[in-house]
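Undergrad: Chain residues, written in single-letter form:
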Amino acid sequence: MVASLLIAIPFLGAFAIPLFGLVSKRLSHYVPALALLANLIISIVLIPQVMSAPIIVSIGGWAPPLCINLVVGPLGLLLAILISLIGLLVAIYGVNYIQEEPREKYHMLLLCLLAGGTGMVLTGDIFNLFVFFEILSLSSYALTAYNKDRGGTEAAIKYLIQGSIGSAFILIAIAFLYGLFGTLNMADIASMVGGADPAFLFISLALLIAGFGIEAAIFPLNAWLPDAHSSAPSSVSAILSGIAIETGAYAVARVTYTVFNADGIMTLIAVVGVITLLIGEMSAFRQKEDVKRLLAYSSIGQMGLILFAFGISTQSGVFAALFQLVSHTLAKSLLFLAVGYMIYRVGSKKLSAFAGLGRKMPITGVMIAVAVLSLVGVPPFAGFMSKFSIVRVGLQQHSATYTGLVVLILVATVIEVGYFLRLLQILFFTETETEGKRMELPLSALIPITILAALIVAIGVYPHIITHLLQEAANGLVERSAYIQSVLGAL
Amino acid sequence: MEVLHNSMYYVGAAALILIGLYVILVKRNLIKVIIGIHLLDTGVNVLLISVGYIKGGKAPIFTGTSLGPAQFVDPIPQALVLTAIVIGVGVLALALSITVKVYQHHGTLDLRKIKGLKW
Numbered sequence: 020m021v022a023s024l025l026i027a028i029p030f031l032g033a034f035a036i037p038l039f040g041l042v043s044k045r046l047s048h049y050v051p052a053l054a055l056l057a058n059l060i061i062s063i064v065l066i067p068q069v070m071s072a073p074i075i076v077s078i079g080g081w082a083p084p085l086c087i088n089l090v091v092g093p094l095g096l097l098l099a100i101l102i103s104l105i106g107l108l109v110a111i112y113g114v115n116y117i118q119e120e121p122r123e124k125y126h127m128l129l130l131c132l133l134a135g136g137t138g139m140v141l142t143g144d145i146f147n148l149f150v151f152f153e154i155l156s157l158s159s160y161a162l163t164a165y166n167k168d169r170g171g172t173e174a175a176i177k178y179l180i181q182g183s184i185g186s187a188f189i190l191i192a193i194a195f196l197y198g199l200f201g202t203l204n205m206a207d208i209a210s211m212v213g214g215a216d217p218a219f220l221f222i223s224l225a226l227l228i229a230g231f232g233i234e235a236a237i238f239p240l241n242a243w244l245p246d247a248h249s250s251a252p253s254s255v256s257a258i259l260s261g262i263a264i265e266t267g268a269y270a271v272a273r274v275t276y277t278v279f280n281a282d283g284i285m286t287l288i289a290v291v292g293v294i295t296l297l298i299g300e301m302s303a304f305r306q307k308e309d310v311k312r313l314l315a316y317s318s319i320g321q322m323g324l325i326l327f328a329f330g331i332s333t334q335s336g337v338f339a340a341l342f343q344l345v346s347h348t349l350a351k352s353l354l355f356l357a358v359g360y361m362i363y364r365v366g367s368k369k370l371s372a373f374a375g376l377g378r379k380m381p382i383t384g385v386m387i388a389v390a391v392l393s394l395v396g397v398p399p400f401a402g403f404m405s406k407f408s409i410v411r412v413g414l415q416q417h418s419a420t421y422t423g424l425v426v427l428i429l430v431a432t433v434i435e436v437g438y439f440l441r442l443l444q445i446l447f448f449t450e451t452e453t454e455g456k457r458m459e460l461p462l463s464a465l466i467p468i469t470i471l472a473a474l475i476v477a478i479g480v481y482p483h484i485i486t487h488l489l490q491e492a493a494n495g496l497v498e499r500s501a502y503i504q505s506v507l508g509a510l
Numbered sequence: 017m018e019v020l021h022n023s024m025y026y027v028g029a030a031a032l033i034l035i036g037l038y039v040i041l042v043k044r045n046l047i048k049v050i051i052g053i054h055l056l057d058t059g060v061n062v063l064l065i066s067v068g069y070i071k072g073g074k075a076p077i078f079t080g081t082s083l084g085p086a087q088f089v090d091p092i093p094q095a096l097v098l099t100a101i102v103i104g105v106g107v108l109a110l111a112l113s114i115t116v117k118v119y120q121h122h123g124t125l126d127l128r129k130i131k132g133l134k135w
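Quick mapping for you: the protein sequence lines, in order, are chains A and B.
In this text, residue positions in the first sequence follow the working numbering: the first is 20, and each later residue adds one.
In this text, residue positions in the second sequence follow the working numbering: the first is 17, and each later residue adds one.
Bear in mind the hints are in silico, worked out from the structure with no lab data behind them.
One or more hints might be untrue.
Within a straight-line C-alpha distance of at most 20 Å, the following computed EDC-like cross-link-like pairs (lysine to aspartate or glutamate) qualify [unchecked claim]:
(1) B:K131 - A:E119
(2) B:K131 - B:E18
(3) A:K124 - A:D216
(4) A:K368 - A:E123
(5) A:K368 - A:E450
(6) B:K131 - A:E120
(7) A:K379 - A:E120
(8) B:K131 - A:E123
(9) B:K129 - A:D168
(10) A:K167 - A:E123
(11) B:K71 - B:D126
(12) B:K129 - B:E18
(13) A:K379 - A:E450
(14) A:K368 - A:D309
(15) A:K167 - A:D216
(16) A:K307 - A:E120
(17) B:K117 - A:E119
(18) A:K167 - A:E120
(19) B:K117 - A:D168
(20) B:K117 - A:E120
(21) A:K368 - A:E459
(22) A:K167 - B:E18
Since the structure is predicted, the reported quantities are computational estimates derived from the model, not experimental observations.
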């Protein structure tokens, strides 16, 4: 039952924040950090137990196909750890960064978003997945508009319209699945999926991929992302870019691998992933104005890379995808957090305003360089290991399609190098009029950024810290019969 | 006609879903788009209910042993729809409150004119 605390604690914290706010406004700002710290500790403590066998939590005392259940497998736990880690760092950052009132509401929505994400990765019930997905998306619509400024509200309404069409699609697919199988349990559906009418299965799979694909920013469905990520407050951008789109990708992977066993569409997913990658990187390269928009486009590109690796439907392909997911989450959250305070300091999102800032803020500048080099894929950072494993797995397929796609990935990496080195050049090697006068970030921002940079370097130098968990997580996704057995066998 | 008669609820649900999508795609006024989202939601809810419907079935409230399980409609889709309605209300409320802010900033609800953020 300890595993259900992972969802219960953030929700409890979220709804307790207004109560804490009655006692002391200041106190309520620390609730998210405390709740997520508890989550992080619980999920790390659970690792050894989950490695031996997934924990199945049945809610309401019924046996799995009938009840709503949580499946804490290695994959869910890995993503839960990632969500609580990034959430904790962003919560620490947000205590001072968010100055716009009403601040309790920001902290409450942040906790709701993270609880929704944790629920999505841990649930074993497809309708429950939808509900947690809606919690996550509703909080992110609201957080995008948190500053109530011109750009934020416009981005939020665009995000909301596209997101609600996506969730309607997911619900239609769930109605089809329930009509076909009479169950909502993902393992139960997965065990019966072989004997069903292929036409209905295809329609519901397409609707699910389209619905979750909007959150995961798969190519034709990603129009909301650059607006939302660049107009939201920077701490929210870090969460959206580091967690929200990753949970969307998780949902796509869970549905295609576990529920539908859709081997036939994997090549299509890989191709769409590479198109997403190229579109994202080229748009980022074109972006010479807004630094957050540049990072947002780069997120689209990285999601494409993750999708490509998911599309190589082998255990090592999924391993590479998850590795890339982890390294992208760490690096992109770092960049958004660091850039957030820089924008605050210089008062502008324009790239040209950042000239020479790396020399005025040496520590932050170095951290940004670490994250940028990791995203580009320079050793010894985490991004190198993950990108290398994707390319290696792609070439190991020994098929002309995948080799061609790997070539396109390398081309995209060159484009990525182009715009990220331009960012570094502006930060470090551009002369400004106002030289001197150091202005480092406050400690509440430096600590999260330093922790993220340390993790990037640590994973890059010594990837064995996480590869074991990643391998187990990849097994959990690829071996669907083991998943079905662990859920339905636990009667 | 027989087919249409038997699948009346599905036809209704599909019609509502398609009308909703049409409104979202074609209308330029933000309020109308939000109405379209709600029509889409309602259509999906009708679809869910009709998946669990049995012709002439009773409401799934256990009143005694005189009726067998086959005479009740499926209660699970109704529980799902209850949840979906709540979520839909949340989305609707949020959408309308963001619309107020959009109107304050842009002075218009015409989606063609709200384009401060460009690609």
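Undergrad: Provide an ascending list of the numbers of those earlier hints which the structure does not satisfy.
TA: 1, 2, 3, 4, 6, 7, 8, 11, 12, 15, 16 and 22
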